[in-house]
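Chemist: Sequence:
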Amino acid sequence: MTDSFSTPAHAFDPATFEPRWQAYWADNKTFRAVEDPTKPKYYTLCMFPYPSGAGLHVGHPESYTAIDIVARSKRMRGFSVLNPIGWDSFGLPAERAAVREQRHPADITREYIGNFKRQLLRLGFSYDWDREISSCEVDYYKWTQWIFLKLHERGLAYLADVPVNWCPAQGTVLANEEVVDGKYVETGEPVERRMMKQWMLRITAYGDRLVDDLEGLDWPEHVKEMQRQWIGRSEGAEVDFKIDGHDASFTVFTTRPDTLFGATYCVLAPEHVLIQKITSADRRADVDAYVATARNRSDLDRQKSAEKEKSGVFTGAYAINPVNGAKVPIWIADYVLATYGTGAIMAVPAHDERDHAFATKFGVPILQVVSAPAGHDVQAEAWTGDGKSMNSGAYDGLDVATFKKQITAWLEENGHGRKRVNFKLRDWLFSRQRYWGEPFPIVHTDAGEVKTLPYSALPVSLPHIEEFKPTAEGLPPLGRAEQAWLQTEVDGVVGWRELNTMPQWAGSCWYYLRYMDARNTELPFDPANERYWGPVDLYIGGIEHAVLHLLYARFWHKVLYDCGMVHTKEPFQKLFNQGMILSFSYKDANGKYLGPHEVEQRGDVWYAIGGDTPLEVKIEKMSKSKKNVVDPMDVVVEYGADALRIYEMFMGPLEQVKPWQTSGVEGVYRFLARVWRLFIDQDSGALRPFGPSNREVTKAIHAAVKEATEGIDLLKFNTPIAKMMEWVNACHGELPAKEECEDLLRILSPWAPHVCEELWLRLGHTTSISAEAWPTWNESALIDDTLEIAVQVGGKMRGAVTVARTADKDTILAAAKADATIARHLEGKEILKEIVVPGRLVNFVVK
RNA sequence: GCGGAAGUGGCGGAAUCGGUAGACGCGCUGGUCUCAGAAGCCAGAGCCGAGAGGUGUGGGGGUUCGAGUCCCCCCUUCCGCACCA
Numbered sequence: 065m066t067d068s069f070s071t072p073a074h075a076f077d078p079a080t081f082e083p084r085w086q087a088y089w090a091d092n093k094t095f096r097a098v099e100d101p102t103k104p105k106y107y108t109l110c111m112f113p114y115p116s117g118a119g120l121h122v123g124h125p126e127s128y129t130a131i132d133i134v135a136r137s138k139r140m141r142g143f144s145v146l147n148p149i150g151w152d153s154f155g156l157p158a159e160r161a162a163v164r165e166q167r168h169p170a171d172i173t174r175e176y177i178g179n180f181k182r183q184l185l186r187l188g189f190s191y192d193w194d195r196e197i198s199s200c201e202v203d204y205y206k207w208t209q210w211i212f213l214k215l216h217e218r219g220l221a222y223l224a225d226v227p228v229n230w231c232p233a234q235g236t237v238l239a240n241e242e243v244v245d246g247k248y249v250e251t252g253e254p255v256e257r258r259m260m261k262q263w264m265l266r267i268t269a270y271g272d273r274l275v276d277d278l279e280g281l282d283w284p285e286h287v288k289e290m291q292r293q294w295i296g297r298s299e300g301a302e303v304d305f306k307i308d309g310h311d312a313s314f315t316v317f318t319t320r321p322d323t324l325f326g327a328t329y330c331v332l333a334p335e336h337v338l339i340q341k342i343t344s345a346d347r348r349a350d351v352d353a354y355v356a357t358a359r360n361r362s363d364l365d366r367q368k369s370a371e372k373e374k375s376g377v378f379t380g381a382y383a384i385n386p387v388n389g390a391k392v393p394i395w396i397a398d399y400v401l402a403t404y405g406t407g408a409i410m411a412v413p414a415h416d417e418r419d420h421a422f423a424t425k426f427g428v429p430i431l432q433v434v435s436a437p438a439g440h441d442v443q444a445e446a447w448t449g450d451g452k453s454m455n456s457g458a459y460d461g462l463d464v465a466t467f468k469k470q471i472t473a474w475l476e477e478n479g480h481g482r483k484r485v486n487f488k489l490r491d492w493l494f495s496r497q498r499y500w501g502e503p504f505p506i507v508h509t510d511a512g513e514v515k516t517l518p519y520s521a522l523p524v525s526l527p528h529i530e531e532f533k534p535t536a537e538g539l540p541p542l543g544r545a546e547q548a549w550l551q552t553e554v555d556g557v558v559g560w561r562e563l564n565t566m567p568q569w570a571g572s573c574w575y576y577l578r579y580m581d582a583r584n585t586e587l588p589f590d591p592a593n594e595r596y597w598g599p600v601d602l603y604i605g606g607i608e609h610a611v612l613h614l615l616y617a618r619f620w621h622k623v624l625y626d627c628g629m630v631h632t633k634e635p636f637q638k639l640f641n642q643g644m645i646l647s648f649s650y651k652d653a654n655g656k657y658l659g660p661h662e663v664e665q666r667g668d669v670w671y672a673i674g675g676d677t678p679l680e681v682k683i684e685k686m687s688k689s690k691k692n693v694v695d696p697m698d699v700v701v702e703y704g705a706d707a708l709r710i711y712e713m714f715m716g717p718l719e720q721v722k723p724w725q726t727s728g729v730e731g732v733y734r735f736l737a738r739v740w741r742l743f744i745d746q747d748s749g750a751l752r753p754f755g756p757s758n759r760e761v762t763k764a765i766h767a768a769v770k771e772a773t774e775g776i777d778l779l780k781f782n783t784p785i786a787k788m789m790e791w792v793n794a795c796h797g798e799l800p801a802k803e804e805c806e807d808l809l810r811i812l813s814p815w816a817p818h819v820c821e822e823l824w825l826r827l828g829h830t831t832s833i834s835a836e837a838w839p840t841w842n843e844s845a846l847i848d849d850t851l852e853i854a855v856q857v858g859g860k861m862r863g864a865v866t867v868a869r870t871a872d873k874d875t876i877l878a879a880a881k882a883d884a885t886i887a888r889h890l891e892g893k894e895i896l897k898e899i900v901v902p903g904r905l906v907n908f909v910v911k
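Those letters in the first sequence? Residues 65 to 911, by the working numbering.
Please note: incorrect hints may appear among the correct ones.
What the hints assert, rightly or not - Heads up, simulated DSS-like pairs for lysine-lysine below, C-alpha to C-alpha not over 27 Å straight-line:
(1) K103 / K93
(2) K469 / K483
(3) K469 / K206
Said to hold, decoys possible - Label pairs and their calculated CB-CB ranges:
(4) P284 / D100: 30 to 40 Å
(5) A421 / D555: 32 to 42 Å
(6) A421 / A170: 27 to 37 Å
(7) R359 / H440: 33 to 43 Å
(8) T552 / T632: 44 to 54 Å
(9) E196 / T632: 40 to 50 Å
(10) G252 / Y519: 39 to 49 Å
Hints listed in this document are in silico derivations from the structure and should not be mistaken for laboratory results.
The C-beta atom is built at its ideal place from N, Cα and C for all residues, glycine as well.
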């Protein structure tokens with residue numbers, strides 16, 4: 065009832081102008097990206113959003129705001145900026161929702177996209193909406209299929225019978241990268257191993273380049289390291305071992321060929337093909353039992369037991385060591401992986417910890433062939449470091465590196481082995497037994513041939529089906545499509561379409577290229593456009609994609625590079641990971657979570673409203689079950705988009721994990737309201753008069769311009785806000801000179817574009833502030849005529865004196881000694897040394 | 001176990017070519033305005049101490065006139081990898 069009194073007619077109210085500016089930008093296509101050869105380009109990109117039913121969470125606007133600030137400031141600094149947005153819209157979650165809600169995934173996906181888009185528009189991001197794309201629409205996935213054909217043409221796509229990660233809950237296979245600890249990373253559902261015929265992409269052929277090209281990238285070191293570890297390049301040798309009494313041999317991979325003389329046994333993985341052939345009659349029962357057990361154990365079990373003890377069984381067969389003819393027993397053990405190297409190893413227990421553990425348990429001899437430091441007994445513990453070779457015949461006395469080279473050369477010359485580079489990285493399992501994904505441009509003929517469709521036959525549209533479950537015969541959901549889709553003709557032969565679909569990663573492997581030429585109907589994109597826009601200059605997204613998406617996209621990019629489609633070896637020049645935004649949660653003694661509106665603080669302790677038992681307060685990841693989710697749209701309704709954007713940046717460094725605090729949003733809202741009141745008379749709505757600037761205000765604006773300019777380049781978006789706040793504080797409620805006020809609006813506009821456009825308009829300008837030139841600062845304006853010099857006595861702070869900036873050493877010392885407090889501290893002491901740091905401090909070293 | 005990042009007021013965080021620790025914001029205290037409240041505005045504050053002063057950037061040592069910053073040891077937290085021969 066007192067609102068008319070308490071709220072002036074023209075008080076700061078973002079809801080009155082924010083939507084108006086959003087409409088203005090849309091109507092005028094203010095942020096259209098133009099291939100302008102007269103300007104340098106800048107390409108900003110956020111990781112492809114997956115539009116979920118839950119809508120935006122506060123993590124989305126964090127990276128989007130950071131990108132938007134860079135994009136807006138780069139435009140103001142004369143760059144032609146590409147800042148696009150689109151939707152990663154194929155994938156399992158939509159299909160599961162479809163089953164749950166009895167609706168078609170296309171309908172669900174489009175609804176979610178509409179919701180996301182509405183929310184993003186309400187936050188005022190400067191996207192070129194004319195380039196909006198959606199990976200589930202046929203005008204996009206036609207080109208995903210096109211790129212698949214390119215991969216196939218180059219021998220990089222093949223069908224293979226492979227052990228796959230089958231997730232029964234999802235009803236599909238998963239890529240290695242999607243499985244952690246035997247569980248699907250997205251849902252935590254268990255994964256088991258099966259043999260299946262699947263489409264694979266030969267990413268391993270690019271292993272070397274994927275490692276080597278990391279070198280020149282401006283990426284966080286730990287992300288590069290994660291990629292290196294995942295690719296896991298290791299250099300060594302393959303060695304062939306004949307089997308005593310059999311016309312057979314097997315090959316091992318080792319990184320330590322220099323320890324060949326110390327091999328006291330060999331191990332085959334339980335899946336190794338030779339096992340049946342070489343096992344002796346008296347060992348067969350044990351071997352069969354061991355192999356059967358190993359086969360039935362899940363990866364998770366295998367991993368768990370790895371932490372405890374080694375297991376294994378002797379085959380009864382012996383291998384012949386090619387370097388010295390020694391016969392060593394062949395064991396089977398599941399600590400040797402079928403999928404890495406050759407699935408077989410030579411074991412050198414003296415110099416490998418795993419072999420040592422195994423040898424100790426099963427009583428296999430341990431033979432030292434590399435000298436260890438005094439006091440190190442290889443019988444007790446393996447020595448894996450450097451040393452001189454011993455017990456190695458003619459090779460004794462060599463260091464590890466030299467011996468490796470010599471023995472590898474000897475192996476090659478004598479046909480017993482060869483130099484070899486191995487990767488942990490395996491080929492990418494590229495098919496999924498699901499509906500909501502890109503169909504393969506592949507046809508299987510009745511004669512059993514696998515044929516690719518010609519480019520002219522694209523797109524292969526996803527057929528409409530009603531049920532998204534496997535067929536009764538166990539075929540993937542696409543088996544439910546009509547005969548007219550299932551059966552087709554290629555090269556004059558009738559055949560059946562591939563029923564698998566591509567994984568969700570396919571669409572996100574090249575979307576950043578489509579943005580460069582989003583409406584091209586002839587090609588995925590025109591290479592001329594790529595030469596202008598590529599590569600992405602700044603890419604921001606979550607650390608969760610450090611391996612998966614970034615590895616796959618780099619792989620495809622390199623293939624397109626080899627096809628002459630793109631002109632850079634790498635797609636993303638600079639990468640940055642935003643830190644997750646956490647939130648406070650409140651839990652009562654019964655373990656029940658309470659929402660922020662159900663709790664109150666009394667003193668330092670939180671209680672349920674009206675309750676008297678203290679609650680447990682924690683900072684946790686936002687989740688519905690913890691009742692600590694912050695909906696960015698709620699924040700917009702209460703404080704406006706500008707306040708949300710500024711708070712997301714003001715919370716702390718972008719890369720840091722940090723907790724959401726609604727009181728902090730109120731703080732930045734108050735800042736914006738102060739800016740508003742500085743410019744606008746709240747009662748009349750009129751622009752308030754400019755006045756004279758003083759030294760303090762002028763210094764503050766230059767400091768703010770400097771901090772904003774440098775902060776944006778360093779992706780430090782929090783401290784510039786502090787400097788702008790200092791300028792407002794320095795104004796003490798009175799507008800200073802017009803130019804300084806305009807500079808403030810210019811530098812604030814990337815963070816808070818709506819209020820800055822509004823005030824810019826009210827200053828009488830008729831064009832958008834987003835097209836203004838970025839201001840510059842003057843270092844000289846930052847320097848004061850007088851300086852405060854800190855004074856220490858014996859290294860302890862005792863006071864400060866104010867002197868002219870030009871004051872010389874003696875003047876400063878005299879001023880310091882004249883200060884009453886300093887004089888008191890110097891009294892009765894002998895000054896041993898006088899240290900003067902110009903412009904900073906004086907230190908009297910005393911006795 | 002291996003690798004990486006980080007520990008600063010009641011809270012989020014500033015400041016690292018070594019040079020006045022705690023900018024800015026939140027919260028708090030006091031004042032102003034008001035019949036009253038809210039908002040706004042002004043002022044205060046690391047901690048201990050009445051004060052002089054002491055003390056203080058996870059802990060312990062060291063280098064230095066001077067250390068949040070450099071060196072050594074330790075503790076804690078978070079993240080990644082985890083039989084890859």
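Chemist: Taking the hints in turn, state whether each one holds.
Modeler: Status of each hint after checking the structure:
Under the criterion of a C-alpha separation no larger than 27 Å, the hint pairing K103 with K93 is consistent with the structure, at around 19 Å. Between K469 and K483 the alpha-carbon distance is near 9 Å, which keeps this suggested pair within the 27 Å criterion. Annotation: proposed proximity of K469 to K206 is violated, straight-line Cα distance about 50 Å (limit 27 Å). Here the CB-CB span from P284 to D100 is close to 32 Å, well matched to the stated 30 to 40 Å.
For A421 paired with D555, a C-beta distance near 57 Å fails the hint of 32 to 42 Å. Judged by the Cβ atoms, the range 27 to 37 Å given for A421 and A170 is violated: they are separated by roughly 54 Å. About 39 Å separates the C-beta atoms of R359 and H440, a value consistent with the hinted range of 33 to 43 Å. The supplied range of 44 to 54 Å is broken by T552 and T632, whose beta-carbon atoms lie about 38 Å from each other.
For the pair E196 and T632, the supplied restraint of 40 to 50 Å is violated, since their beta-carbon distance comes to about 24 Å. Judged by the Cβ atoms, the range 39 to 49 Å given for G252 and Y519 holds: they are separated by roughly 41 Å.
The structure fails hints 3, 5, 6, 8, 9 (numbered hints given earlier, in ascending order).
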